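Colleague: One-letter residues, chain by chain:
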Amino acid sequence: MPDIRHTRLADVLINYSINVKPGDRVAILTQPPAMPLVEEIYRKVLEAGGFPYVQLGGLRTKVETEVLSYYLLTEGNDEQIEHVNRFEKIIREEFECMVSLYSGTNTRAMSGVDPARLSQRIKAYTDVTRTYQQRSASKDLRWVISMFPTNAYAQDADMSLEEFEDYVYKTTFVDQDNPIREWKKIHDDQQKLVDYLAGKKVLEVKGPHVDLRLSIEGRGFVNSDGEHNMPSGEVYTSPVEDSADGWVRFGFPAIYSAREVEGIELTFEKGKVVKATAEKNEDFLQKMIATDEGASRLGEFAIGTNKRINRFIKNILFDEKIGGTIHMALGFGFPQVGGKNESAIHWDMICEMRDGGQIFADGEQFYESGEFTI
Amino acid sequence: MPDQRTSRLAQVLVEYSMNVQPGERIAVVGTTLAEPLMLECMRYILRAGAHPHLVARLPAEDYVLFTEANKDQLTYVSPLLRTVIEEFDGFLQISSTGNSRQLSGVDPEKQGLHSKARSPLMKRYMERHNARDLRILITLFPTAQQAQDADMSLTELEDYVYAATYSDTEDSIAAWNNVADQQNTYVEWLEGKESVKVQGPDVDLSLSIKGRRFLSAHGQVNMPDGEIYTSPVEDSLNGWIRFGFPAIRAGREVEGIELTFEMGKVVEARANKGEDLLMQMLDVDDGARYVGEFAVGANDQINRFMRNMLFDEKMGSTIHLALGAGFSDVGGRNESGIHWDMLCNMRDGGQIYVDDELFYDSGRFFPE
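Line by line, the protein sequences give chains A and B. Per my numbering, the first sequence starts with residue 1, numbered consecutively. Per my numbering, the second sequence starts with residue 1001, numbered consecutively.
Only chain A is shown next, with the shape it has when bound in the complex (with noise of 0.2 Å):
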């Protein structure tokens, strides 16, 4: 008998989330400690009449098997590090449906890598990433990210395992009965959002941690709901490209392949990186930043809802979903709100809110320190 909230949880990936249809080809990107939650997962996509393809998560998705890539980028080749894996191709340009498990058994496990090697492998996803962002943004491929919970992640959550997985079942709402209905809930509560930021022009942000002016005359909010994350609350849009000016702070550690930089400052003119500094592992930061043009130019902007993710857990999943916080990634745009901004990475950083920080719309004041008040 599983855990009933696996069972539950499955049901919210593949009955809300993706929807699952009969005939969908769904593709299980996991890894080995998830099997459980696999395994429930693997039953609704039957009962949905879908076909489920499970397969260890690979290299280059969103839920790598740590020592396998280890052993890539510290053993492999140039050629084998270009190589673009051709399951991984075949799924992004022809399945209905992917669902990827985050459930690591070492988040640090890629620290020693060179990064140029990590941007090197990236880069060769470069066209694989843009075929998966076409078809997710026009809904050929309907996609989803969650986790099953490990020691690797409780660990950097500061927690037991115990106390990881009530936080992780918590914040999907899958320790409730009807969890869909909740889901549903969070969908209406932000649309009234999403409605309200339509049309507007000009977004300025300030506080104590932040100074900066957008632009997102053109681009429309998007609703996340736990249609791509499980868990979400957010709503986020890509910023007119050249429009950032001023400054921000992100309090929180910024995590990218495992490499965490803390104290980032980024200062913008006209949409472009001018300055960028940390308090640690700035190298890093810095070379990122070089990955390519579109590396130094945001993404994306986005207001994260979720009161029940309340705690700073070094998981970008939970985190950029924190009630009363904002973030910003640096790198690839989305397409379906207008974003045009291309790169081979997204990263997000995460600026607290909840001490002061005020978003206006055109001039109207429509949040204060994490709550909306509009």
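These aren't lab readings, by the way, just hints derived from the structure by calculation. Just to be clear, a hint being listed does not mean it is correct.
Each computed DSSO-like pair below joins lysine-lysine, with the alpha-carbon atoms no more than 30 Å apart [unchecked claim]:
| # | chain 1 | residue 1 | chain 2 | residue 2 |
| --- | --- | --- | --- | --- |
| 1 | A | K275 | B | K1273 |
| 2 | B | K1110 | A | K314 |
| 3 | A | K287 | B | K1273 |
Remember, it's a predicted structure, so these values are computed and weren't measured experimentally.
Starting from the known structure of chain A, fit chain B onto it as the hints suggest.
Modeller: Frame of chain A; chain B shown alone:
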């Protein structure tokens, strides 16, 4: 068939470190994650004609204990543990955690109760250990979560652990005998010496070792090992030192510690990060401002900081001082509730003069 290096490590632990004899009773404690090493230790203990007692703990059992147990249950001392400490000949502890942060949310008071209830037994443990009636040995079996703490992949941590314990060489025991011989020449030479001056980019310190003995730690109590240490004369330290490596206490890191000593006592202290914790610790008791240990790391296989003192304090080209309790077996008299090791880099021009003779330079002993 286990990793060959795991077998070699087991052989070192049983035959070299503990020198297990026929008929002895040896307890081997680790988590289930350490199964490969525990089984190999069992094999070598049996081959030595002794009686292995394996205690395989579940990685999460402490969390369940501390969240569920009432006061009675928290202060209950296992009769099995009592038997081991009172009666056994050897006690091998294998660090093999499945989640180093699992007790972060547990009330420290509960942990205090638990350790307090065990303190009479722990006293007995130290007595029998000091008398060499109970041979205590601490080692580590690499796990994914320990690798995560060390900022490494598991493969990297395995390579690191097996290199530091010489389990990656054909004849590991010969390698450790060689370490013992080397280090014994250092401590023999230091016998009867009086004044020590430590100089370099990070240190300018003088201290007295008059009437104190240096000991060589070469794998009997810790594996890996490799250091020589003493307790300096308590009121003898004068000068300044900067600890280039983070000092860790209760899971928190204090970075960039600088201490100034006058007549043995810390009179000035600062840190770049975690200075509040440093100040708290200095005021724990009277002995916390005095040095209980001066040691020189000698294991050149240990060459990166991994936030684990079992390894870090033996790092080649470093020295370490501990604030707090000294070692009575070398003549140390400082008493304190703490013993906090701090590491200073000697790689680039760090020198030690003993009775005005150059004893150590940039990681090399007896430099020419």
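Colleague: Taken at face value, is the distance from the CA of B:K1273 to the CA of A:K287 at most 30 Å?
Modeller: 26 Å, holds
Colleague: Within 30 Å, alpha carbon to alpha carbon, are A:K275 and B:K1273?
Modeller: At roughly 25 Å apart (the allowed maximum being 30 Å), B:K1273 and A:K275 satisfy the hint.
Colleague: Take the C-alpha atoms of B:K1110 and A:K314, compute the straight-line distance between them, and say whether it is at most 30 Å.
Modeller: 28 Å, holds
In the structure shown, no violation is registered for any of the earlier numbered hints.
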